[in-house]
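2 protein chains.
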Amino acid sequence: MKSDFTSSIAEDQRLVEATLPSFLPLDGSSDVLLDAMRYSLMAGGKRLRPLLVLMACRACGGNPDDAMPAACAVEMVHTYSLIHDDLPAMDDDDLRRGKPTSHKVYGEANAILAGDALLTLAFEVLATRIHPPAIAAKCCASLAYGAGPQGMVAGQVLDLEAETNHAKSVAQLENIHRRKTGALIVASLEMGGLIAGASDEQLKHLKKYGQLIGLAFQIVDDILDCTGDAEVVGKNVRKDAASGKATYPELVGLEESRRHANNLVHQACDELQIFGSGAQELSDLARYLIERDR
Amino acid sequence: MKSDFTSSIAEDQRLVEATLPSFLPLDGSSDVLLDAMRYSLMAGGKRLRPLLVLMACRACGGNPDDAMPAACAVEMVHTYSLIHDDLPAMDDDDLRRGKPTSHKVYGEANAILAGDALLTLAFEVLATRIHPPAIAAKCCASLAYGAGPQGMVAGQVLDLEAETNHAKSVAQLENIHRRKTGALIVASLEMGGLIAGASDEQLKHLKKYGQLIGLAFQIVDDILDCTGDAEVVGKNVRKDAASGKATYPELVGLEESRRHANNLVHQACDELQIFGSGAQELSDLARYLIERDR
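Residue numbers (the working numbering), protein chains in the order written: chain H, 1 to 294; chain D, 1 to 294.
Isolated chain H (complex conformation) (with noise of 0.2 Å):
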């Protein structure tokens, strides 16, 4: 099962990596730009969002070939994300997937600007290539609530909110969580959904399920940020604790925290009953995405 589950997962990334460069514009105009661009694009990563997007196409009986611009289109922004929290004036950070970070290679302006291309990018890759239009407004409308002031980037404001005042409750913490990873997870859900012609209630399900695998997969996160080894994890590691922010393991402890990644995940795969075994490769990634190490 799992070596079937990860073979699946293998073809699925390598489709994404090979569909992403063809949505950049070959009319360049800036290549310092254009560069920048697919310099953080194409680094690697997990191409967890995209897998998502997919996987809830399937799921709920759509062609997956249908959701590739919607899968490429949410990477483009989860990049955008990374590039611009990256910056000095934000985490400052000089390493992110074992390279150095935009503006070191580009500049702190490049680095803005392509983070800012990579966005507006997205939201024209499914306003084009997503059929039929009503659904890809559908799309545009996800994406952007789960990117925008209510969600990702409302996170960010939180997060780093907290490494001054210090946010200290694991309310709190799971607030700045939802918004700042699980909203644009819980858009990747949806969008594949939507192109899939899911049900409302399908739709629910899925959005839930994102909701729990977000915070699950933000925990382990944290997790690995105390415990993991910067070699493998591929960015520095217990700066969270240098930076004064709080995380899960220091609220409530490594063993409280794995044992609610764990209990996230349960619940979340209960929100995958009414998919039968449509659902299997979701099931399989929340379990996946907390046994990681990186």
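Note that these hints are calculated values from the structure, not bench results. Careful, some of the hints might be misleading.
One copy or any two copies: either way a pair holds, since identical chains are not told apart in the list.
[To be verified] Listed next, the in silico DSS-like pairs over lysine-lysine satisfying Cα-Cα at most 30 Å (straight line):
#: 1; residue 1: K99; residue 2: K207
#: 2; residue 1: K204; residue 2: K99
#: 3; residue 1: K104; residue 2: K245
#: 4; residue 1: K208; residue 2: K99
#: 5; residue 1: K104; residue 2: K168
#: 6; residue 1: K208; residue 2: K46
#: 7; residue 1: K104; residue 2: K204
#: 8; residue 1: K207; residue 2: K104
#: 9; residue 1: K208; residue 2: K104
#: 10; residue 1: K245; residue 2: K204
With the hints as your guide, set chain D onto chain H.
What follows is chain D alone, placed relative to chain H:
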């Protein structure tokens, strides 16, 4: 005639001012983020791009009420671009429309994120408030193309490069302006036309008009940067010369710059002939743009 025109502009501007804040999310999640978004969005300005959306819609026989969400969306994108352009890593401006720039008030991180949020919200507004959804998708595509890596963002990258490489030809300068200013103006006109159900022929002329006035507008900006009064213009002047950026007056002289701007506006008005009297306010606006002193 002139007073009819200025009172019609004033009425459109009043409506835009009243409608813009209604699209900001109420469910804050982060008060500082919403404050920063509102601070820049409601800082005044000519609201040129929203005016173009509304006027293009009317020129094609549409109801401008239907186009108001697009008018507000393009102003959000314009505002985000100003916030990011003003950042220390970019133009490093501390004054905009006579007020301290976003990063001066909210700090650099929040300014970057307020810009990101406004850009994202623009697409949410288009996707959810423009009807029917097929037109919403076309508007998303138009705005993303104008604002993205082949449009406005490319223009800003090229503009920053020109500071060090010191672009010296009129062709280079026009390429920068066409992308940095022109592309979003073209998108404004296209969206207004799309919402009115314009024909491809009408859209073609609207976009051509937009390219021409976009360039004229930028030349006038360059002229004001040379000759204007900071009190009247509302931002630092003679900044381009100080930064080493080439300007129209520097390349071809003040008189030739004025003549060129006039000529462009003349050509722009020729593009409006197919609309008959319905495009009178677009003609008037073009002339108004080159007569302005701010």
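Hint by hint, here is what the structure shows:
no., hint, verdict
1, K99 x K207, "neither (33 Å within a copy, 42 Å between copies)"
2, K204 x K99, "neither (38 Å within a copy, 45 Å between copies)"
3, K104 x K245, "both (24 Å within a copy, 25 Å between copies)"
4, K208 x K99, "neither (34 Å within a copy, 44 Å between copies)"
5, K104 x K168, "between (33 Å within a copy, 29 Å between copies)"
6, K208 x K46, "within (22 Å within a copy, 44 Å between copies)"
7, K104 x K204, "neither (41 Å within a copy, 42 Å between copies)"
8, K207 x K104, "neither (36 Å within a copy, 38 Å between copies)"
9, K208 x K104, "neither (38 Å within a copy, 40 Å between copies)"
10, K245 x K204, "neither (32 Å within a copy, 53 Å between copies)"
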